[in-house]
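> Top to bottom, those sequences are chains A and E.
Taking numbering that gives the first Met the number 0, the leading residue of the first sequence gets 0, the next gets one more, and so forth.
Taking numbering that gives the first Met the number 0, the leading residue of the second sequence gets 0, the next gets one more, and so forth.
Worth flagging that the hints you see were computed from the coordinates, not collected in a lab.
Watch out, some of these pointers could steer you wrong.
To be verified - If you want a taste of the chain A side facing chain E, the calculated C-beta under 10 Å gives, among others:
1) VAL44
2) GLY67
3) LEU88
To be verified - FRET-style restraints, in silico, Cβ to Cβ:
4) VAL124/A / VAL124/E: 43 to 49 Å
5) PRO126/A / PRO122/E: 34 to 40 Å
6) ARG112/E / ALA14/A: 42 to 48 Å
7) GLY131/E / VAL124/A: 38 to 44 Å
8) ALA121/E / THR12/A: 17 to 23 Å
9) ALA14/E / ASP114/A: 44 to 50 Å
10) ASP125/A / THR69/E: 48 to 54 Å
11) LEU63/A / ILE119/E: 23 to 29 Å
12) GLY62/A / PRO122/E: 38 to 44 Å
From the three backbone atoms N, C-alpha and C, an ideal C-beta is built for every residue, glycine too.
Number of protein chains: 2
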Amino acid sequence: MRHDVQPNALLATIAWNDAGLVPCIAQQHDTGEILMMAWMNRDAVLETLATRRVCYYSRSRKGLWRKGETSGQQQHLVALRLDCDGDALLALVDQHGVACHTGRRSCFSWEARDDTWSEIDAPRVDPATLYGA
Amino acid sequence: MRHDVQPNALLATIAWNDAGLVPCIAQQHDTGEILMMAWMNRDAVLETLATRRVCYYSRSRKGLWRKGETSGQQQHLVALRLDCDGDALLALVDQHGVACHTGRRSCFSWEARDDTWSEIDAPRVDPATLYGA
């Protein structure tokens, strides 16, 4: 744990929603790929800054979600950015392996083409390999 | 208006939140810059697909927000993507001028450095020029 982070001023600037969350976009720092979007609460932001490993808040599990804890597909933080009205975060990360639970590199792997969402990237890893059969 | 878009199947796949909205990330299609994040409702998605000009839903003004309508800083849609659980959109766009109402190219222009959000990009246009004095 780093002890030189003084996060209170950082947290106070964030415009949390009514549930105490803020959306966070994860972008691969060197290629520019958008990997995923998820949510953070105060503890997730603090832990991410302190450990430099990205930690989200899982709305379905109602708890901290240390990305890659189960799958091994961790995200290492390169930089954390905030937008002009304070209600969205951008995490520049170094993604180990794939970001998506489907085994795809990016969660944004479907594109609107006429009247359907067309798959634009196939799984690179079998999810059973990531999460156990 | 394009009449070959059959959007109902597209809309039905989106996991709208309780307010009938979905977050949308805007990324410059060629450079990979993350420009902004805003929200869309059903009409905003339909209009964006039909006109190929990005239209959001303004939560503060409670109405459609045709990006660039006032400022001239329009976003032209290159592709619209959906994530694996259907609750976030990624718009690849061609941004005319700056995306941020502060005159900065990107809304994500503050970076966490120790205990402060440091400005990492300066305004390129005076907002008074964009919106009138």
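> For each hint, tell me whether it holds in the structure or not.
Tested hints:
1. VAL44: 9 Å, holds
2. GLY67: Hint violated; GLY67/A Cβ to chain E Cβ min 16 Å, cut 10 Å.
3. LEU88: 8 Å, holds
4. VAL124/A / VAL124/E: 43 to 49 Å: 44 Å, holds
5. PRO126/A / PRO122/E: 34 to 40 Å: 44 Å, violated
6. ARG112/E / ALA14/A: 42 to 48 Å: Because 20 Å falls outside the window, the suggested range is violated.
7. GLY131/E / VAL124/A: 38 to 44 Å: 52 Å, violated
8. ALA121/E / THR12/A: 17 to 23 Å: 19 Å, holds
9. ALA14/E / ASP114/A: 44 to 50 Å: 18 Å, violated
10. ASP125/A / THR69/E: 48 to 54 Å: 49 Å, holds
11. LEU63/A / ILE119/E: 23 to 29 Å: Cβ of LEU63/A to Cβ of ILE119/E: about 28 Å, so the range 23 to 29 Å holds.
12. GLY62/A / PRO122/E: 38 to 44 Å: 40 Å, holds
Hints 2, 5, 6, 7 and 9 from the list above are not met by this structure, while the remaining hints are.
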